Amino acid sequence: MLESTQLYAIAGIVLFGMGLYALIVFPHLLRKILGMNIMGTGVFMVFVAIGYRGLDELPDPVPHALVITGIVVAVCATGLALALATQIGIKTGTARLTPDVEEDDGS
Amino acid sequence: MTAGRGFVLLLIVLLVLVLAGIIALVTPDKARLADLAIANVPQSGVLNPVTAVLLNFRGYDTLLEVAVLFLAIVGIWSMARHARVWIKIPDTPVLVVFVRLLLPLMVIAAGYLFWLGADFPGGAFQGGAVLGGMGVLWVAAALWQPPASFRRLLRPLLSLGILAFTTVALLTLFMGYNLLQYPPAQAKTLIIIIEGAAVLSIGATLTLLFIGGFPKKRED
Chain S
3 MLESTQLYAI
13 AGIVLFGMGL
23 YALIVFPHLL
33 RKILGMNIMG
43 TGVFMVFVAI
53 GYRGLDELPD
63 PVPHALVITG
73 IVVAVCATGL
83 ALALATQIGI
93 KTGTARLTPD
103 VEEDDGS
Chain G
406 MTAGRGFVLL
416 LIVLLVLVLA
426 GIIALVTPDK
436 ARLADLAIAN
446 VPQSGVLNPV
456 TAVLLNFRGY
466 DTLLEVAVLF
476 LAIVGIWSMA
486 RHARVWIKIP
496 DTPVLVVFVR
506 LLLPLMVIAA
516 GYLFWLGADF
526 PGGAFQGGAV
536 LGGMGVLWVA
546 AALWQPPASF
556 RRLLRPLLSL
566 GILAFTTVAL
576 LTLFMGYNLL
586 QYPPAQAKTL
596 IIIIEGAAVL
606 SIGATLTLLF
616 IGGFPKKRED
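Just so you know, the sequences run in chain order S and G.
Convert by adding 2 to the 1-based position in the first sequence; the result is the number in the working numbering.
Convert by adding 405 to the 1-based position in the second sequence; the result is the number in the working numbering.
These aren't lab readings, by the way, just hints derived from the structure by calculation.
Check the hints yourself; a few may be wrong.
To be verified - To be clear about the criterion: a stretch of chain S counts as covered by chain G if any three or more of its residues have a C-beta under 8 Å from a C-beta of chain G, and this derived list gives those stretches:
hint, stretch
1, 13-21
2, 30-37
3, 69-78
These figures come from a predicted structure and were not determined experimentally.
Backbone N, C-alpha and C define an ideal beta-carbon position, used for all residues, glycine too.
All chains should be modelled from the sequences, with the hints used to inform the complete structure.
Written out as structure tokens, the structure reads:
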């Protein structure tokens, strides 16, 4: 039988998988950055679930500390990635990778 | 294209199933780092175990993370010399009044979170995030065109966190301790100094990430 914390951790893993799919499949850089963020959120969710030790005990402070810094670092990585994507957009006229491959559904 | 996507999807589903299986089947071992960390909190100078881990037990880790924040801004500024304003929010009186009311409250909340962090949930990263949110609102509501004097303050403000952190790290080395191993009597003071510097730098970093370049001179 699954405990609720395991369900949270599995939900985090599913989020990670969804983000990874978007990161690999979609050619538009903004979608890749969004996918990367969803992956990160999934990882944070797993960490928070792992850190939970029941209502009576203090949560494990080590994964919590990692998540706290991780959130801020993820925002910074996103900012840098967006700046890179913006520059690519300005320099090449498009923020999509491999624009010569056939057109796909509206991204 | 669909075949490629299907293949990627299949691989990711497999990966998710394997990872979920590990979570579901492996029961975590109760004797973990958590007990060691919680047992040593009284020696760390603070009462909040998360702050103790962040700034004492794993201080070098947090030092590098503060460096990452700094490098993100350096990277952005090296690419885009001047910020472009991507969003235009209509300056309705409601927004302006709302933001004007909210800004001082957010400063108080950020300071409170930072101060609380020593002993209760809170800390530099939480306070910095509130400050960053404040900065984003401020910029988005276009209430703020940075004057020249403020532009000169930006670089010191951004580097304050990493400078304070490395100064304390070097200080602990000169005092004969290991890197970021605080003398127990001064541990709280040193942690508060680092956090106070970090909260300002994190707030400034997050705001400038939103601006996405060096703030323009006042011209319009």
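These are the hints, each one checked on the structure:
{"no.": "1", "hint": "13-21", "result": "holds (count 4)"}
{"no.": "2", "hint": "30-37", "result": "violated (count 0)"}
{"no.": "3", "hint": "69-78", "result": "holds (count 7)"}
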